[in-house]
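Those sequence lines, one after another, are chains U and C.
One point on numbering: in the working numbering, the residue at position 235 of the first sequence is 235, and numbering is uninterrupted.
One point on numbering: in the working numbering, the residue at position 107 of the second sequence is 107, and numbering is uninterrupted.
Be aware that one or more of the hints could be misleading.
[As the list claims (entries may be wrong)] Dumping the calculated EDC-like pairs for lysine to aspartate or glutamate here, alpha-carbon to alpha-carbon at most 20 Å:
hint : chain 1 : residue 1 : chain 2 : residue 2
1    : U       : Lys54     : U       : Glu391
2    : C       : Lys186    : U       : Glu391
3    : U       : Lys382    : C       : Glu148
4    : C       : Lys57     : C       : Asp98
5    : U       : Lys471    : C       : Glu32
6    : C       : Lys61     : U       : Glu393
7    : U       : Lys382    : C       : Glu99
8    : C       : Lys57     : U       : Glu391
Think of the hints as simulated: they come from the structure by calculation, not from any bench.
None of the values given here were measured: they were computed from a predicted structure.
If you want the building blocks of each chain, they are given just below.
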Amino acid sequence: MQPTSHAFKENAQGALGNANLQQALQLMRTGFPGRRAAAIAKLPEFDALRDESKAIKDHVLAHLDFYLETFERNVVAQGGEVHWCRTPKEACEAVLAICRRLDAKMVTKGKSMIAEEIALNDYLEANAITPIETDLGEYIIQIRKEYPSHIIAPAIHLVKKQVADSFRETHRDLDPARILDEAPTLVAEARQVLRQKFQSADIGITGANFCIAETGSTIIVTNEGNGDLTQTLTKAHIVLASLEKLVPTLEDASTILRVLARSATGQEFSAYTTVSTGPRRAEDTDGPGEFHVVFLDNGRSAMLGTEFQDMLRCIRCGACMNHCPVYASVGGHAYGWVYPGPMGAVLTPSLVGIDEAGHLPNASTFCGRCESVCPMRIPLPKMMRHWREREFEKKLSPATYRAGLGLWAFFAKNPLLYHFAANAAARLLGAFGGARGRFRSLPLASGWTEGRDMPAPQGRSFMSLWAERQKRTPSS
Amino acid sequence: MPATAPRVGLFVTCLVDLYRPAVGFAAVKLLEEAGCTVEVPLAQTCCGQPAYNSGDKADTKAIARQVIAAFENFDYVVVPSGSCGGMIRVHYPELFADEPAMFQRAQHLAQRTYELVSFLVDVMKVERVDARYEGVATYHDACSGLRELGVKQQPRQLLRSVAGLRLAELPGAEVCCGFGGTFSIKYPAISDKMVGDKVADIAASGADTLIAGDMGCLLNMAGKLSRLGKEVRVRHVAEVLADMTGEAPPIGAGKADL
Chain U
1 MQPTSHAFKE NAQGALGNAN LQQALQLMRT GFPGRRAAAI AKLPEFDALR DESKAIKDHV
61 LAHLDFYLET FERNVVAQGG EVHWCRTPKE ACEAVLAICR RLDAKMVTKG KSMIAEEIAL
121 NDYLEANAIT PIETDLGEYI IQIRKEYPSH IIAPAIHLVK KQVADSFRET HRDLDPARIL
181 DEAPTLVAEA RQVLRQKFQS ADIGITGANF CIAETGSTII VTNEGNGDLT QTLTKAHIVL
241 ASLEKLVPTL EDASTILRVL ARSATGQEFS AYTTVSTGPR RAEDTDGPGE FHVVFLDNGR
301 SAMLGTEFQD MLRCIRCGAC MNHCPVYASV GGHAYGWVYP GPMGAVLTPS LVGIDEAGHL
361 PNASTFCGRC ESVCPMRIPL PKMMRHWRER EFEKKLSPAT YRAGLGLWAF FAKNPLLYHF
421 AANAAARLLG AFGGARGRFR SLPLASGWTE GRDMPAPQGR SFMSLWAERQ KRTPSS
Chain C
1 MPATAPRVGL FVTCLVDLYR PAVGFAAVKL LEEAGCTVEV PLAQTCCGQP AYNSGDKADT
61 KAIARQVIAA FENFDYVVVP SGSCGGMIRV HYPELFADEP AMFQRAQHLA QRTYELVSFL
121 VDVMKVERVD ARYEGVATYH DACSGLRELG VKQQPRQLLR SVAGLRLAEL PGAEVCCGFG
181 GTFSIKYPAI SDKMVGDKVA DIAASGADTL IAGDMGCLLN MAGKLSRLGK EVRVRHVAEV
241 LADMTGEAPP IGAGKADL
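Construct all of the structure, not just a fragment, from the sequences and the given hints.
So, in structure tokens, the structure goes:
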């Protein structure tokens, strides 16, 4: 998809005025954080598991060549195939080639952020292949022609009424007078519609939460079981993955699984954890005819050895955005590309370029809540700051802002001059605003004063008052 | 508590210097009452965060060198702000990671730098203060103090010893108020939305007084409270603990409100 991250400010402005979105965000503001907190309170070794999980991924990143080759060897040993793709285009072409060879007309899809990253649905449709999303959230946004606003809850920006309206519009063969007020009714309707699709699909495409080097297996976690159906009934199962998913062994995957669902939804474990190893064997009763892993790079290997390498530990749990007050204010679409919130603020500039995504690492107060909940201990604020440093070096920030910063820095580096100016400013602002104690508007701070007052200074700088006190009582 | 009076360098912070000298004097009083000798080096301006968070590493380093030179000979450096305290304690060493000599000096300074209230409780072992404040107060945990320096229980402990003050917990006390320094200038609409949510939580706490330990957050929340016409008095924690709320009207309130 075409990113609109450069228009973050405008996107955010729209989001702030969108009543449905704000209602939806209000619901998630306390929901996810509360559930996560409750889940980890019951697991005293949670922080130790975080350390262990981090160490597993750091080890893989340090020996990536070995584990990538081991993974491929074992996928092949199980009768599958790995397709290495440098770009979204190569990945789309790899998927299409499999579809064409197997004469596929319809593919069912489990949830996959890589599929979003490479805009697979658009590509397949352009090539006369119908993709059907089977994850409820993904299905909802597919029929609404939207893209995910959250990496684990793609339709979180919607309220129930909007979903019901979309269902009525799309499922025209159902009774128009049916009642669609409650979530279970909506889920049941989606299941009924999707069940038929599962049976007629030629190929199933899923993402991967883990790629296990030791066995050549991939793992997905879901709460709907749609991922299982997607892959068991088809001519081929295509797994879309990237190098963040790689772990050495099944045991390593189970370590990380213990932090994944707790961090994501506050569940101890997702309802379904599905391990896929190769195509159907002769003795199997079901399973896909072929097993393919489409492994996308798209700029990730270029992050190795840079200050952004830690980002490649990300397990896509969504905890950072669930706890981000900026995300909670503007929602995921404002970020303008596939990955929103703090992890997107770091990853998106790596994948689509800092010129396009320059706003994202700036749109953070550095409150640090994302890092504090990240199960993989990714220093997200620090990496956002690294992006800001690159932007500053490339002079990407607005000229007026840089000029203001330069002027401030000149004073900050000259204490005597600074003290003189600070006292003058305190006196001036204090004289004008002191009686009321605040300003309703201030030149150069109109953005601030649009929605809130600017408190007035007391009227003298501390340093000037302190100097006076020292003169009066030189010994203290 | 140390045997001899420790020599403390007060890092005033630019916002206290410009906006609220009362906080600086309250800090001096609290430190002196805890048994410290307090000095205020002249060669201080700002900790450098505006430059650091804007990606301007060169200016940040120049300012950090200035702070390190001015403060490295004190027993302790105390800051009435978790944000600026965190800058010196956590980020100065990171800043000089590739300059061994400066790194050592930054590390040396970092190890002896504390946020004011946590210094009083954790280092000086202050258990209570001699202060009076009539009201129901709620405390907002400013982000850097909370997450970079572990300031959480210390202010609550001391506030509980203030006569007449009742503490009401703030729902979502650990959620950012939306200030974020330059963030509030660069993304004022989002910042305003965040502080609006914060003010709703403050109202839900039922408190008549809002207390926090960072001037930036206090200016932001006070500005939103007054714009919405909420009758909540806003104070820096040092003013309340030092029993100096008579020295200046609440933040964002006029002299008539004193």
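Each hint tested on the structure:
This hinted pair does not check out: lysine 54 (chain U) and glutamate 391 (chain U) have alpha carbons roughly 29 Å apart, beyond 20 Å. Between lysine 186 (chain C) and glutamate 391 (chain U) the alpha-carbon distance is near 15 Å, which keeps this suggested pair within the 20 Å criterion. Distance check on the hinted pair: lysine 382 (chain U) and glutamate 148 (chain C) sit about 12 Å apart at the alpha-carbon level, within 20 Å; holds. At roughly 13 Å between alpha-carbon atoms, lysine 57 (chain C) and aspartate 98 (chain C) fall within 20 Å of each other, so this suggested pair holds.
Proposed proximity of lysine 471 (chain U) and glutamate 32 (chain C) is supported: the alpha carbons are some 19 Å apart, at most 20 Å. Restraint check for lysine 61 (chain C) and glutamate 393 (chain U): satisfied, since their Cα atoms lie roughly 15 Å apart, inside the 20 Å limit. The straight-line distance between the Cα atoms of lysine 382 (chain U) and glutamate 99 (chain C) is roughly 19 Å, inside the 20 Å bound, and the hint therefore holds. A C-alpha spacing of about 12 Å is found between lysine 57 (chain C) and glutamate 391 (chain U), which places the hinted pair at or below 20 Å, so the restraint holds.
Violation of the numbered hints given earlier is confined to hint 1; every other hint is satisfied by the structure.
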